[in-house]
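Now for the letters of each chain:
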Amino acid sequence: MLREPLLLATVLVIGICLILFVLYPIVRVFTYPTLKDFVEVPRNIRYLRAIRNSLLMVILSTSTATLFGFLFAYTVTRTDVPLKSVFKLVSILPLFSPPFMVAFSYLMMFGKNGLITAHLFGLRVSILGWHGLWLSETIAFFPVAALVMEGVLQSIAPSLEYAGRNLGATGFTLFRTITFPLARPGVAGAALLVSILILADFGNPIMIAGDFSVLATEAWLRVEGWGDVSGAAVLSSILLLPSLAIFLIQRYWVGRSSYITITGKPSQVEREPTKWFVRWSLFSFCFLVSVMVILVYVALVAGAFVRGWGFDWTPTLQYIRSIFSRSPELIHSLTFAVAAGFTSAAFSITASYLVSRKRFPLHKLMDFTCILPAALPGIFFGIGYSVAFTRPPIDLYGTAAIIILSMIFWNISMGYQTGIGAFQQISPSLGEAASNLGAGSMKILWQIEAPLVKTSFFSAFIVSFIRAVTTLSVIVFLATSSNIVATFTIMNLVSDGFYGKAAALTTALLLIAFTVLGLAKLLIGKRMELFRI
Amino acid sequence: MSTIHIKIDNASKSFGPVEALKGVSIDIPRGSFTTFLGPSGCGKTTMLRTIAGFYNLDNGDIYIGGRLINDVPSHQRNAIMVFQDYALFPHMNIGANIAYGLKINKIPQEEIRRRVARTIQYLGIEGLESRSPGQISGGQQQRAALARALVMEPEVLLLDEPLSNLDAKLRMNIRAELRQLQKRLGITTIYVTHDQAEALALSDQIAVMSKGQIIQIGSPWEIYYKPRNMFVADFVGTANLVPGKVTEKNGREVTVDIGEARLRIEEPIFEIEPGGQVTLCIRPETIQLSVSEAGESLNSLQGVITNYIFEGALVRYWVEVGKHVIIADVFDPSDKGIYTGEVTLSVHPNKVHVLSGPPQGSN
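From first to last, the protein sequence lines are chains A and B.
367 is the number that the working numbering gives to position 367 of the first sequence; each next residue is one higher, with no gaps.
785 is the number that the working numbering gives to position 252 of the second sequence; each next residue is one higher, with no gaps.
Watch out, some of these pointers could steer you wrong.
[What the hints assert, rightly or not] Residues from chain A shown here face chain B by an in silico Cβ test under 10 Å; the list is partial:
(1) GLN154
(2) ALA157
(3) LEU160
(4) TYR162
(5) ALA163
(6) GLY164
(7) ASN166
(8) THR170
(9) PRO181
(10) PRO185
(11) LEU522
(12) ILE524
Keep in mind that the hints were calculated from the coordinates and are not lab data.
Computed from a predicted structure; not experimentally measured.
Glycine residues also receive a C-beta, built at the ideal position from the N, C-alpha and C atoms.
So that you can see chain A by itself, here it is in the shape it has in the complex:
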């Protein structure tokens, strides 16, 4: 490697960036508070309540989201109900939408002054609180579980189910003795993955949970209400430990006990028709959930065109116009996310090339550090940047740079894993052949391997871009009036009750995300692999 200065330089740059922008902020969160701050946690009632609430939500929402996801995946892969393509679409869209969107929309539909609760049924109830949060998180995160389990169910060799049927297992017996046991590791993996997201969820609780504070929102309130950065750091640290633990279990334990590696040749599958009541129940279930998902988008778009949601239903274009005329936040969101998405993709694909093709010292550490951000709650990452980079020696307070950097490095894991997968599929002998003919390492990357991983690069860009443009938790500690982005404004507007402009901004964000997604789909089509989880 020493004979290849360019390669050496690349390894060094990647390594230094990872240390500075991933490891250093993590360390700073733990070192910023004093030991006394940590010791006093068990005596602080608010902290204890936040811990308890977080725990409760993880248990509740993970269970329902996983169950919903499984039923959706089972319906789509194993039955012949109508509207399957709609169900499939419905279980994908939320993956590319701002995470707080569900809560915001349900507030408009089922809140104290909600369209459905107050105006359609004349009920004086509000969804605000833990039950609203439970519903929002279930709807927001079941698609992740569905996506994982669809993959799992599809990779079960059809001959196993055939063999079961041939030996006498039909209907539910087949499901109980063969299909479900084979899917179980996948279900466990999906549940763990979902629980990480729910634990880290900030957008939904900040909007819909009311006084019911969880760790992520309590950390934010610490800073917002008391200016207590140490407290926020302590709370985020408490949040990190279970996240990291679950992440490691998911990755290194469940990942290995999977059955899906044993597969046969795929054959044309003709499934035993499901019993009418099973079909009918699954269909009604998926239909209902789909209605709940579609409702989210309907409410948002409708809200953007109504003067005063809940009291004045006159149509108006004033909110749509206002976000274009005098709002820097949308422009910021777009430019920051493009910059972050592109850099993040380039960074992560390069890192994945180095890790999968080269041997150098601390190579395992680079691998781990690239995957690590996937385990970090956005709140934790944001507070890390806030304590690490808003005071000397590195003071980026209020700059675009701090937001873009946080977006880049929070999103490298997805692109990195896509890249690792792509390089695994390309035979190293291609590179060896090029090297044999005289190409250096970086030439091989750019001339031989890069064209082959182009699709991965695109996918990495799309995912980082969409995650960047829709994130709230990461930037909530970093946004100031000079580098404000749309999600932050939306949060403030919602908490002040300005639903119209908030809905208009959210609709604009959705439009941006879906346009990019649609363009990507047109450009690279089916080969796009967006969520490698």
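Given chain A, work out where chain B should sit, using these hints.
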């Protein structure tokens, strides 16, 4: 053979635009070993899965033991299948895999134990019961899959290329064992393979399939020496297909002009008139190859060796005879060594099989 056990009558099945089976009919005698042989995509696996009850026919009927079973679910047909990838349940150990079908069918615990133990012993896989499928070798997995089927004491055993995932040597051993086992148990067995050598070695009856249809049904000997058409001749074993023209017909004896020579052939099957185009099917092992100048003896051809491969038990020669290249096998080369240069080939009149038409085109 004895009574008909399985009757398939005009079976048709399509997957979207693909016609997998186009009117397949065959009678399968009780206790026989019948093979569906054909290249991939010929419909043989679809046929097998239809008998197992995984696919419903679009058209036609299947009878087992005289009973129409078109609408009988898979598990009530008593036709148990061994899958190509074995389909051993990865979440159960070998013992649980073998006992699975009995348990599902609510057989008493005691009997399950007895039958599993007996089957395991029968197949020589004792001691593997508590291992998981991933922990045992391919050959052992194969036996475990067979045990899981046999423990059900099926009326019909269905085997879907069960040997294709094994290495060559193991395949030979298990082939012999399987034939012996089937004869001993007397279970009507249907076997699917694309390996013609396997089909010839195992079967009582072979049905050669192509493009969703059965081309020929017959004993291995018939299939090998009396192929009905070019496809069968070419697919089963190695055959020299030499085009020619009938010049003379004299009772059972015909003379065929192949350009370089005229061959006399005793051909009882086809009605061929003088002047008709034919293709001669000559198996390499039926050709005599000699270096001595044989002169003008019966059915001899002069040629030059252009290539050979040494296979131990035999040497296979490629001999150029005029515009033809003829493959000839010489067995037991231990004392003869390898021949080179000019040689004489000769063929006995009743060892040549005649197919009507030129080599290409017909199917």
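Results for each hint:
1. GLN154: 16 Å, violated
2. ALA157: OK, holds: ALA157 (chain A) within 10 Å of chain B, min 6 Å.
3. LEU160: 5 Å, holds
4. TYR162: With a closest approach of 6 Å, the TYR162 (chain A) hint holds.
5. ALA163: 4 Å, holds
6. GLY164: Status holds, d = 8 Å.
7. ASN166: Hint on ASN166 (chain A): holds, closest Cβ of chain B at ~5 Å, below 10 Å.
8. THR170: 6 Å, holds
9. PRO181: At about 4 Å, which falls below the 10 Å cut-off, the nearest Cβ of chain B leaves the hint on PRO181 (chain A) intact, so it holds.
10. PRO185: PRO185 (chain A) check passes; min Cβ-Cβ to chain B is 9 Å, inside 10 Å.
11. LEU522: 27 Å, violated
12. ILE524: Cβ of ILE524 (chain A) sits 27 Å from chain B, so the hint is violated.
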